Each structure stands twice: as C-alpha cells, then as structure tokens.
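Engineer: If you read the protein sequences in the order shown, they are chains A and B.
For the first sequence, this note's numbering begins at 748 and goes up steadily by one.
For the second sequence, this note's numbering begins at -1 and goes up steadily by one.
No lab work stands behind these hints: they were computed from the structure.
Everything numeric in this text was worked out from a predicted model, so none of it was measured.
Be careful, since some hints might not be right.
To give an idea of the chain B side of the interface with chain A (calculated C-beta under 8 Å), a few residues [stated by the list, open to error]:
(1) SER62
(2) LEU64
(3) PRO82
(4) SER83
(5) PRO84
(6) TYR88
(7) PHE90
(8) LYS92
(9) THR94
(10) TRP98
(11) ILE107
(12) LEU111
(13) LEU112
Note that the Cβ used here is the ideal one computed from N, Cα and C, for glycine as well.
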Amino acid sequence: MNAKALGLPGRILGVARLSDGAKGATTQRKIARKLPVQKIWSTTALVALQLAVLVGFVVLWEVAAEFKIIDPFFWSQPSSIWSTLVIFLTQGDAFTDIAFTFRSTIFGFIIGTTGGAVLGMSFWWSRNYAQIVQPYIICLESIPKLALAPLIVLVFGMGLSSKVATATALTVVVSTLTAYAGVQAVDRDQERLFYSLGASRWQVFKKLVVPSCIPWIVSILRVNIGLALTGSIVGEFVSSQHGLGRTILYAGSTYEISLVWVAVLILSALSMVMYVTVAWLEKVLRKGVVH
Amino acid sequence: MAVPDQTIPTHPAVEIQGVTLNYFTPDRETLALANVSLTVEQGEFVAIVGSSGCGKSTLLSLVSGLLPPSRGSIRIDGKEVAKPSPRVGYMFQKDTLLEWRTIIDNVLIGAELLGIDKIVARRRAEDLLVRYGLGDFLHSLPGQLSGGMRQRAALARTLCCEPDLLLLDEPFSALDYQTRLALSDEVAGILSAERKTVILVTHDIGEAISMANRVIVMSRRPGRIKSERKTDFPSFGPTRPTPFQARKCSEFANYFQTIWDELDIHQIH
Chain A
748 MNAKALGLPG
758 RILGVARLSD
768 GAKGATTQRK
778 IARKLPVQKI
788 WSTTALVALQ
798 LAVLVGFVVL
808 WEVAAEFKII
818 DPFFWSQPSS
828 IWSTLVIFLT
838 QGDAFTDIAF
848 TFRSTIFGFI
858 IGTTGGAVLG
868 MSFWWSRNYA
878 QIVQPYIICL
888 ESIPKLALAP
898 LIVLVFGMGL
908 SSKVATATAL
918 TVVVSTLTAY
928 AGVQAVDRDQ
938 ERLFYSLGAS
948 RWQVFKKLVV
958 PSCIPWIVSI
968 LRVNIGLALT
978 GSIVGEFVSS
988 QHGLGRTILY
998 AGSTYEISLV
1008 WVAVLILSAL
1018 SMVMYVTVAW
1028 LEKVLRKGVV
1038 H
Chain B
-1 MAVPDQTIPT
9 HPAVEIQGVT
19 LNYFTPDRET
29 LALANVSLTV
39 EQGEFVAIVG
49 SSGCGKSTLL
59 SLVSGLLPPS
69 RGSIRIDGKE
79 VAKPSPRVGY
89 MFQKDTLLEW
99 RTIIDNVLIG
109 AELLGIDKIV
119 ARRRAEDLLV
129 RYGLGDFLHS
139 LPGQLSGGMR
149 QRAALARTLC
159 CEPDLLLLDE
169 PFSALDYQTR
179 LALSDEVAGI
189 LSAERKTVIL
199 VTHDIGEAIS
209 MANRVIVMSR
219 RPGRIKSERK
229 TDFPSFGPTR
239 PTPFQARKCS
249 EFANYFQTIW
259 DELDIHQIH
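All chains should be modelled from the sequences, with the hints used to inform the complete structure.
Structural biologist: As structure tokens, then:
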C-alpha cells in the first residue's frame, strides 16, 4: 500500500522483501562494513615518492631535450641550468640582485601592511570619514595595480624606491580593507563597557580597537609577503639596474633561457624562505598577542 | 531606610523623573521611553521586566550616562547624571571579557582606565577572584573558562572599582539554566553582603521575583512603567530567602502569575 502510494512498482518491492528477507539484511551489513578506508603510506615512502617525481621530471626533461623532443633553445635543459646556476652564484653579482629584490620586497611588505593597518583602523574614529574614503579604497582595490607600475617607475625613478612603491601599492589596499573589517567587528558591548568605565576615545582605541584588529592584520601577513614579492619583480621588469626580476627580463631578451630558469629558481627559494618566516612570525604573534 | 554609616542627608540612590527618549534615524523617529519615573532607595534591589524591545536596557544606558535622555532628569545620589561615572558599575548580557588579557588583567581594566593605584586595585582584584572561586585562574585567558566562570570574572571586574550602584543588563541570560540559577544565588548573596544598590533588567520573571525586593513591569514600546510591586516572602520567615529558596515559597507562584498577566506576552502577533 505504501509502495503504491509512493508510486513504486509494488510487486517488485514485495518480491524482494519476501525472498531476500534475512539474507538481504546480512548482505547489507557486509556492505556497510566495507566503508572506503584509505591506506595511508608511511612518511618515508611518501617522501621517497615525492623525490622520485622530481627526479623523474628532471630526467625526462633532460632526455627530451637531449633527443630534441623539445627544443632546448626555448626550454633549456637541467644540465645547462645547473652549470648556469653555478656560474651565476660564483661569478656574477648574484647576491647584489638577490639582496635588491629581497630588500624592496621587505620594505614594501612592511610599509604596505603597517600603512594599510593604520589607515584601516583610522576609520574607527569617524563614521563619516570612513563613508567618504571607503569608495576610493574600493576603487583602488579594483584597479589592477600592476598596470600602474610604469607610472610608478616614472615618478619614483629607476632605483629601489620605485620597487618598494609597487610592492606597497599591491599590499596596502588589502591591508586597509582587512583592518577595517576588524574595526567593524569590534564588539559593541565591549565598547560600551569601556565608555561606562569612563574611558576616553583614545583609551578605547588603544586598549580595545587595536588589540581586536591584530588577529585580522596577522591573518593577511602571508598573503602580503607574496604580493610584495610580485610587486617588486614587476617594478624591476619595468625598469631596473638590479634585482632578480631584471635578471629574468635581461636573460629572456638575450635568449639565455637557462639564466631565466636560474633566476626563477632563486626567486622561488627566496619566496619560500620569506613565506616560512612570515608563517612563523604569524604563529608567534598569535600565541603572544592573541592567545 | 537610611544607611547607618551615612552622615550627609541621604538622597535616593537613583531618581528617574519624567524621562522620555526619542531615537532618531535618518528615516524616522522612534519613541523608546515615554515619561518614565522611578525611584530606587539606597541598598535596594530593583528588577525591571518587560518584553524584548520595550526599552528596559535603554533605561539602564540612560542611568549609566552613556545616553542622554530627550526629556526628564536622572539623578544618582541627588546629582544629575551627565556622563559615565566609576561609581556606577555596568554588567552586560555578554561577559565582554577581553580575550587577549588574562583574567586578573581583565578585572583590572577599570582601575587601569581610571588611573587608580595599581597595587591596591590588584590586591582587591585578587581578593575578589579568590572569593568567587577563580583563584586558580588569575593568569588564565578567558577562553579557558566556562560561561559561568567568565560571568563571575565579569562581576569581579564590575565590583573591583567599588561602585555604589550596579546596573545589570540581563547578566545571566547567556548561561545555561542550571548555571543561571546557581550564579544568581551567588550574585544575590554577594550583592546583599556588600549592600549595593542594584537595578537588574531581565526578561526572566522568575529571576526578577526571586532576586529583587521590588519588581517593575514595563509595557511594550514606547516603554512605560506599567506596575511595580514589592516581593515579600512572609511564609519564609523574617529574613529574605535566597533566590533559590524564594522560588520554592508559596508567594512565588502568585507573583509569577500576576506579572505574567501584566506582561501580555500572549498578545504578541
């Protein structure tokens, strides 16, 4: 009756129920016990396989280039990348370039993050001021800031400051918006508590708003370090005398593809080091300040 | 009833006279409170009940000096309220503890903001926390405490500045039922021992009857005082029962029924 009401073929349901009764139940239990359990390999095995993938990839690349399956003129090959790396690190002014890019990234990161945080938190002081400025911040957010790089280099010159400026331009808006989100999330009752204890606005800002916003600001550090690096490289692309970005551009235009790869490799290593450092910094800040 | 150790002529603790409050938003004006008058004597525990949005919390904001009334006057100890004063302690529904400060530093926030002597305040804060069973948690962060413990820490923070008047804005409503009963018992004991004047705002009729000497019923918006009655428990004897004992007295059910009828809760549409 139920089956009919549900519009199911009653006869088939009936048959299944009659003949399979008890057997069906045991089968079902067996199926239920076979939940998909994934076997997890040991860490050593996983690391070994990860390395195998890398080695396999490098060997494949080398062999393919050797037998002209891919054109080594455009793609280069691991062996020549290696020898270029050795030359670059021992003979060229590799460390000037690395230091240049590193410096502009770090400066841009610090200026952009703190500047944005200060600007974002300043919106707490006046809702009217926040209302007036906010549309412009959102406009800035929507501008592809890298498109402004040529202009920035024109204004700030070919030196370090223009790279710092592009890195700052990329990080400052995100920081501002995040800090402002933190301001908006400040607990209204905690604010009332402070005022009921006779706190001045400056005390509320210093002892409530800033500490409340810190977790928000900490959360963008990792994003910002990547953005800052992108900003300084693009700044170097436009015009520069030093830096890894300039090395890539120069090597590309002279068809020294191995050198392009070398610079990209060093850049990746640099990025990784900075990312890990910032992640560690974030952990320390979260422990010390937030919890 | 004059407090014995007071030498100056005693004023009522709080005098609210003809207070009206209009809210202005860009598109309209809302009358939140209409002509509210209420006097609270020194050492009295008054509860205000009303349905949500009746303006009872707003009334506390006015008494605390966070909001100025549109019309009427509010006096504390005979002095017009102009701005928040450290003599008035305010407790909220949420414990509003600062997550990045230890419990002791949370309790000391008032002293810090008022620039009170740190050493004296610290001793008092430690003393209060030990008495409220938080002695082992002085240097814990709020996140490590249960809801009831957090609210006790918030009470310690409020009392650390030694206020004469306490404004409690539904301080137990975020807690589970058992904790709420236990904590309201504790708090009533602490406050009557310290002879504080208290105004408690709540939507919990039972809490109001069992804790307060007097229960004020407020009407729906615009908030007006609809009725007020003293809650006495002659069946218990000459002393005041604790909130928990009060709930078991025969008078409790009668008060509950009367106030329930006055609140008109069934008329909500």
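Engineer: Against each hint, give a clear statement of whether it holds in the structure.
Structural biologist: Results of checking the hints against the structure:
1. SER62: holds, 5 Å
2. LEU64: holds, 6 Å
3. PRO82: holds, 5 Å
4. SER83: Since chain A brings a Cβ to about 7 Å from B/SER83, closer than 8 Å, the hint holds.
5. PRO84: holds, 6 Å
6. TYR88: holds, 4 Å
7. PHE90: holds, 5 Å
8. LYS92: holds, 5 Å
9. THR94: Since the shortest Cβ distance to chain A is 5 Å, the answer is holds.
10. TRP98: holds, 5 Å
11. ILE107: This hint holds: B/ILE107 lies near chain A, its Cβ roughly 7 Å from the closest one there, short of 8 Å.
12. LEU111: Holds, about 5 Å.
13. LEU112: Given a least distance of 6 Å, the restraint on B/LEU112 holds.
The structure fails none of the hints (numbered hints given earlier).
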